[in-house]
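> Take a look at the letters that make up each chain.
2 protein chains.
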Amino acid sequence: MRVSPPSFPEQAATLGALLRRPYRQLSGRLYAEMAAQGFPEIRPAHSAVFRHIAPEGSRLTELAELADLTKQSMAYLLGYLEEHDYVSIGPDPADARAKRVRLTKRGNAFIKALLAASQRIEAEAGKIMGRAKMQQLREALVALDQAIAELP
Amino acid sequence: MRVSPPSFPEQAATLGALLRRPYRQLSGRLYAEMAAQGFPEIRPAHSAVFRHIAPEGSRLTELAELADLTKQSMAYLLGYLEEHDYVSIGPDPADARAKRVRLTKRGNAFIKALLAASQRIEAEAGKIMGRAKMQQLREALVALDQAIAELP
Chain A
24 MRVSPPSFPE QAATLGALLR RPYRQLSGRL YAEMAAQGFP EIRPAHSAVF
74 RHIAPEGSRL TELAELADLT KQSMAYLLGY LEEHDYVSIG PDPADARAKR
124 VRLTKRGNAF IKALLAASQR IEAEAGKIMG RAKMQQLREA LVALDQAIAE
174 LP
Chain B
24 MRVSPPSFPE QAATLGALLR RPYRQLSGRL YAEMAAQGFP EIRPAHSAVF
74 RHIAPEGSRL TELAELADLT KQSMAYLLGY LEEHDYVSIG PDPADARAKR
124 VRLTKRGNAF IKALLAASQR IEAEAGKIMG RAKMQQLREA LVALDQAIAE
174 LP
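Top line first, the protein sequences correspond to chains A and B.
Counting from 24, one number per residue, gives the positions in the first sequence under our numbering.
Counting from 24, one number per residue, gives the positions in the second sequence under our numbering.
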């Protein structure tokens, strides 16, 4: 008798798959909306920069560490974002050998637009699934994050 | 007066950030556990293959489409997995010009181990946050996924 292979994770509806599906849908909608709002150059990969950059600017090496990327990969992302005027890269005033990355006016406008679109999509999805359920979901996601961190 | 930049998505606790945090923790734990169980070669990037490959095998081009990767990127991932004996790549019986990718015994063993570890971590996290809350979370994640799909 031929043994059939185990069903694979996507079909098994693991917790990981359940978390990933709405995240990817949300992300797809957000970036499409950002493109429509005048930020067509930004890809999900660039979130590694926008997610971690500090308001006062960050060092390239710091950003690479926070995003768990090599310095080379981070430099590549930053080069692209500098070229399209989302960040500026200059010497670090505190350390002449280091580079400091800052958001430009356009970079700040992008983040502001991304947050606004994210809140709007969440509010609209909340109307469909019920606002109380959305609030419970938010709380449960925080609880899950804490629970996983507490595992041995 | 200096205008301070908007706080960026990670601090704003957008729905996206709330979904991503437990997902990344879960994923980190899973792959560390898989390495400890004898599958050290597998990286999160390889999930693009394991998530989509059909029990009867899949074409390289199908896998690339499903994973939203170029044929070249998918061929690169598959080459690595073939080298480490997780998949076999041969001619497609239905089309001599196409290639068919199948899970090897080791590839099937990996998926089985991954699913078992995923269910165990979920059960343990459920003990910490409460099983009823975990069940509600699962249902709310499905509802969210549907709600986002229904948005105009």
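Everything labelled a hint here was simulated from the structure, so no lab data went into it.
Given the structure is predicted, the values throughout are model-derived calculations rather than measurements.
All residues carry an ideal CB built from backbone N, CA and C; glycine is no exception.
You may find that some hints are simply not true.
Stretch-level coverage of chain A by chain B, calculated; a stretch enters the list once three of its residues show a Cβ under 8 Å from a Cβ in chain B [what the hints assert, rightly or not]: (1) 99-111; (2) 154-161.
Cβ pair distances, simulated, as ranges [stated by the list, open to error]: (3) A:Gly153 with B:Ser96: 20 to 30 Å; (4) B:Ser96 with A:Glu106: 17 to 27 Å; (5) A:Gly153 with B:Ala58: 22 to 32 Å; (6) A:Ala172 with B:Glu79: 18 to 28 Å; (7) B:Ala36 with A:Gly102: 23 to 33 Å; (8) B:Leu174 with A:Glu173: 45 to 55 Å; (9) A:Ala35 with B:Ala155: 50 to 60 Å.
> Determine for every hint whether it applies to the structure shown.
Status of each hint after checking the structure:
1. 99-111: That given contact is violated, which follows from only 0 residues of the stretch 99-111 of chain A lying within Cβ reach (below 8 Å) of chain B.
2. 154-161: holds (count 5)
3. A:Gly153 with B:Ser96: 20 to 30 Å: violated, 40 Å
4. B:Ser96 with A:Glu106: 17 to 27 Å: holds, 23 Å
5. A:Gly153 with B:Ala58: 22 to 32 Å: This hint is violated: roughly 41 Å between Cβ atoms.
6. A:Ala172 with B:Glu79: 18 to 28 Å: violated, 39 Å
7. B:Ala36 with A:Gly102: 23 to 33 Å: holds, 30 Å
8. B:Leu174 with A:Glu173: 45 to 55 Å: violated, 34 Å
9. A:Ala35 with B:Ala155: 50 to 60 Å: violated, 22 Å
Hint compliance for this structure: hints 1, 3, 5, 6, 8 and 9 are broken, all remaining hints hold.
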